[in-house]
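If you're matching them up, the sequences are chains A and B in order. Under my numbering, the first residue of the first sequence carries the number 128, and numbering increases by one thereafter. Under my numbering, the first residue of the second sequence carries the number 17, and numbering increases by one thereafter.
FYI, nobody ran anything at the bench for these hints, they're computed from the structure. Bear in mind the structure is a predicted one, so any value in this text is a computation, not a measurement. Among the clues, some could well be false.
[Stated by the list, open to error] Selected chain A positions facing chain B (Cβ under 10 Å, derived; list incomplete): (1) T238; (2) V315; (3) E316; (4) G402; (5) Q409; (6) A416; (7) E417.
[Claimed, not checked] Output of the computed footprint for chain A on chain B, the stretches with three or more beta carbons under 8 Å from beta carbons of chain A: (8) 23-33; (9) 117-130; (10) 154-165; (11) 249-262.
[Unchecked claim] Just so you have them, the derived chain A footprint on chain B, three or more residues with Cβ under 8 Å: (12) 106-112; (13) 229-239.
Here a beta-carbon is modelled for each residue, glycine too, at the ideal position from N, C-alpha and C.
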Amino acid sequence: MSLSVTTMTEPVRGRFGEFGGRFVPESLVPACAEVEEGFRDAWSDPLFRSELDELLTVYAGRPTPLTPARNLSVQLGITLLLKREDLAHTGSHKINNVLGQALLARRMGRTRLIAETGAGQHGVATATAAALLGLRATIYMGERDIERQRLNVFRMTTLGAEVVPVTSGSRTLKDATNEAMRAWVADVEGSHFLLGSVGGPHPYPWMVREFQRVIGDEARRQSPAVPDVVVACVGGGSNAAGTFAGFADTGARLVGVEAYGGAAINRGSPGVVHGTRSLVLQDDDGQIAEAESIAAGLDYPGVGPEHAHLASIGRADYRTVTDDEVVAAVGRLARSEGIICALESAHAVAWVLRAAGTPDLPSGSTVVLTLSGRGDKDMATLAGGAA
Amino acid sequence: MRKMLIPYVTGGVTDNWTDHLLALQEGGADAIEVGLPFSDPMLDGVTIQRASDQALARGVTVASIMDDLARVREQVRVPLIAFTYANLVFRRGPAAFCRLLADAGISGLIVPDLPIDEAAAVRAAAADAGVDLILLVAPATPDDRLREIAAHSSRFIYAISRMDTTGERATLAEAAAPLVARVRAFTSLPVTLGFGISGPAQAAEAGRAGDGVVVASALMRRVLDWGATPEDLRHEVAALRAALDALEVSADRTAYAEVSGHRT
Ligand SMILES: Cc1ncc(COP(=O)(O)O)c(C=O)c1O
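This is chain B alone, in the form it adopts within the complex (with noise of 0.2 Å):
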């Protein structure tokens, strides 16, 4: 199966973001996550803090990126994923804020400060809205809640690769592959994994343990301090699809050595 490969960009990061999101999308993703940028991004690290905070800077609005992303709309051809905290759910109300995510081509929400137990509300809209509400589960999560969150997900199932905020690590974490494990035991859903993953070693790592991945302070650091630009980011975004299909041409060859008989 192909190993689903997530990018993120910060909606409004800078005047030709658009351009970086369809580069996002010529380099191989499966689907695109869009920042829309709080100034209190308690779950994220340094590097989507100043994302968020230029974009802020600038005067970027909710409805600022919903007009960018209509202007792209014909281009665009995966899946948008929408990533944002509660107060902007619940300021514009979960109702007509999931409306104007789907009136943009927003099909997916992910919101990491909104637990299953508070998400009633924005479950309901969503569903309404025809948008996705994706839910997290963290290494920290018990099974209880594994079952709970899985038995009320749609799409795929985000697991947070360890306990820490979003932002480059060097290696993969050891609490990723077991949460997936975990989670597999109560869902038949795909299952991503994200938070700190910053390049191809690492993204196939975690291609192994899990259904997908999201690459977000790795992509986004590349265009705060080195001014990447969109044919930047698209080499970088080949670079993680190539690591992930090549797991697939190898896991191929295992199943036709186990077909054949021949085991290798």
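The shape of chain A in the complex, shown without the other chains (with noise of 0.2 Å):
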């Protein structure tokens, strides 16, 4: 394919195709500035490499392992290779992003981290990083959110971050990523904002994905060969951007999948929230819309630009979801690997099961499907009856 090395590189001007830039009040774009001089001069150091290298081998439990999913491949005529995100330290793949970001943080000079979060895994992870590197971190969280992930606020409290409940708008990720950026604005000299997604001002986007790319180059050294299929759930779309790097320039097509209440690819038009342009629901006078979904973590009305890219020259496809069928994805993946994931992870599994055998995904096709985290923090909704 042509258009696949031309993918997933570093940004012309922070743009992906129309998408990406830098949409932030003036008060910060010359920290945006800061922190994309910090990336880059970081991202080419040799030391800061072989800081977070090191990290993610001897503190994140990294390389994960690539399982292949032994039950289900059968059952669905398939090879289904699972790449165990929720292996990490800390239970998810944002700990790869947080790591990188915490590092370059401190190599910045900056004492707090300020983050948001939806599900609380990036929170969670953030809050593990700052307790490890001597670092203050101020978790914002919708109060929606809170009640929901009761454990997660628990485990970062633990840690030592203070959480802050949100309690504008629909008081979810979108709500706290406001707050988030509104507290950042308040204490740029201090503060690193650490943005758990590939969406925001540039640099976050690209940067974010970098730090996310280790999934996809592991996977792709753990695979036999090329997989026909990459698959991984989009809220920002962190984890997939990560899986995705790793393959962009092979002949692998590439599947994310949204939460069919949060799919702003599949239903949602360009436009600017939380810093960048891409595709996000809203109204037509351009109010934003609340997303809906039983996963915490894409239940996001936004998603990062460079998938609106990829979704807009077709290198990436893009699919949704319902609650119902990721509650049954989680149960059907317990059953037959032995394997509880999160509900959002669940997202992908549940468009594997759906298209198994089907032109969207033919019998004998080879798939690698990232989990991206473990579905511990996800028993009290389910318990509940499924929201």
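Taking the hints as your guide, dock the two standalone chains into a single complex.
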């Protein structure tokens, strides 16, 4: 594919085609520019890279395995390989990005991390890195998410982070992101804004994808051959971006799976929110809509700009699944493979369950699926009768 | 020189918001900022967030605000400046959006999440429609950016007085006066200070530093929390006006004293 060689490299002037950019208040422009410079410098510094690699290995438990799903593969008539981010420290892929950005923050002389969180996985990872590196952490979390992810709130406070409930708007991830950016404006000198996904102003979509690239790079090395299909769930899109980055220059088909109620790519339109131009759920006036998903981590009306770009040039396909399919997928994976995955990750599983044996995913295909996180945090939601 | 006083009202915050708007004018406003509410106002503190949420919950749209303005157009004598976020501008398209503003009699536009690097299309569309795109500067803005922003500004430069969101503060930020001084090195346009200015004393202080002041949250809080009537707001604005005019009188006295050789 001729397009593939030009995808998923450093964006030119912060743009992925017509998407991306830096739509932030003037107060934050110099701070974003500093993060960009700091990241570019760190990423080309072998010392920084080796310190991060070391942490990813001895602290986060990388490389994570690529596990053949023995029973499901037989049942579905495909070869299904699971990239096990659920086994990374703190229980999801979020730790990859967080360790990278926290090291960068320390290198830039920042003493506090500010983060938004939805499911709480990014908040837990941020609190973890802060504890490890001796930084303070302030985590913004929507009131509604605090209610449905109590376990993760407790993990964050146990790790010494301050969790600030956000009561504005829909009281979920989008509002927590607004609040985190407001907090950053008020403390750009002391704080690093540790964004958890591939959205936000330049350089975040690029930087977070690079920190998550380790998922795709490892999976590529671990795969016996280039798979036919690579699939991951998409909220903001960081685990998918990191996974895709390892395969963008191959012939593998890339599939991202969105929650039906948060399907910015399938059901959104171009818009500017949280500092970037991408696809977003919105009304005719440009008011951002509230997403609706059983998975708090996918309950977000936008998506990273690089995914909007990959969709627009046809390099990746994006599908949606419903909450019911997702709940069923958690159970099916658990009983078939002995793995309880996160509701977010189950979106990718649900698509495979639905598509296997159809023209969308023909029998005999080899599939690499990123299982972005483990399901412990969701047991209360599932036990409570699926929200 | 008369110090500019620019009070703010969120479009559609109440049924009778245009009465509030006219009261701001009666109180002595030189121009009025009209907020077009956005669901995700990243640079606003809790007061303007609440005002925006309240307006949106009332079912307000950009079109309904323009209709409301059309009804009072004959009575409005001061320039109106729209304050809104980039997504509302891009959703309609910069050209259509700016024409809509111009048709409703709005002559200025402030978009806090549209830094100069991203502003080219909106700047061109605004110019075509005869609307001034007013750019913001912040204490963190380095001199090379200040120069560029000053070169592309029309009417006045909006200086964000502190590194924070909108919202009342007890004192004027220390960063305010030095920022105005830095901007003045690059332009002869007036420099207006906003963010955090909450009463006559602070307005006077800001007026001493700059050429004008924007007051928003202090007025909106009175509407949201106290149910302030248009008449109440007229009083508030008149008090701000008096504080700024008092500066002018003392400045004139200083000037007179200097001209006549009697140093004070
Ligand atoms: C386990 C897990 N997977 C996926 C996501 C969605 O994020 P992204 O799309 O950035 O990978 C989250 C977010 O909270 C998560 O916790």
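Okay, the hints, checked on the actual structure:
no.	hint	verdict
1	T238	17 Å, violated
2	V315	6 Å, holds
3	E316	8 Å, holds
4	G402	7 Å, holds
5	Q409	7 Å, holds
6	A416	8 Å, holds
7	E417	9 Å, holds
8	23-33	violated (count 0)
9	117-130	holds (count 3)
10	154-165	holds (count 7)
11	249-262	violated (count 0)
12	106-112	holds (count 3)
13	229-239	violated (count 0)
Of the numbered hints listed earlier, those contradicted by the structure are 1, 8, 11, 13.
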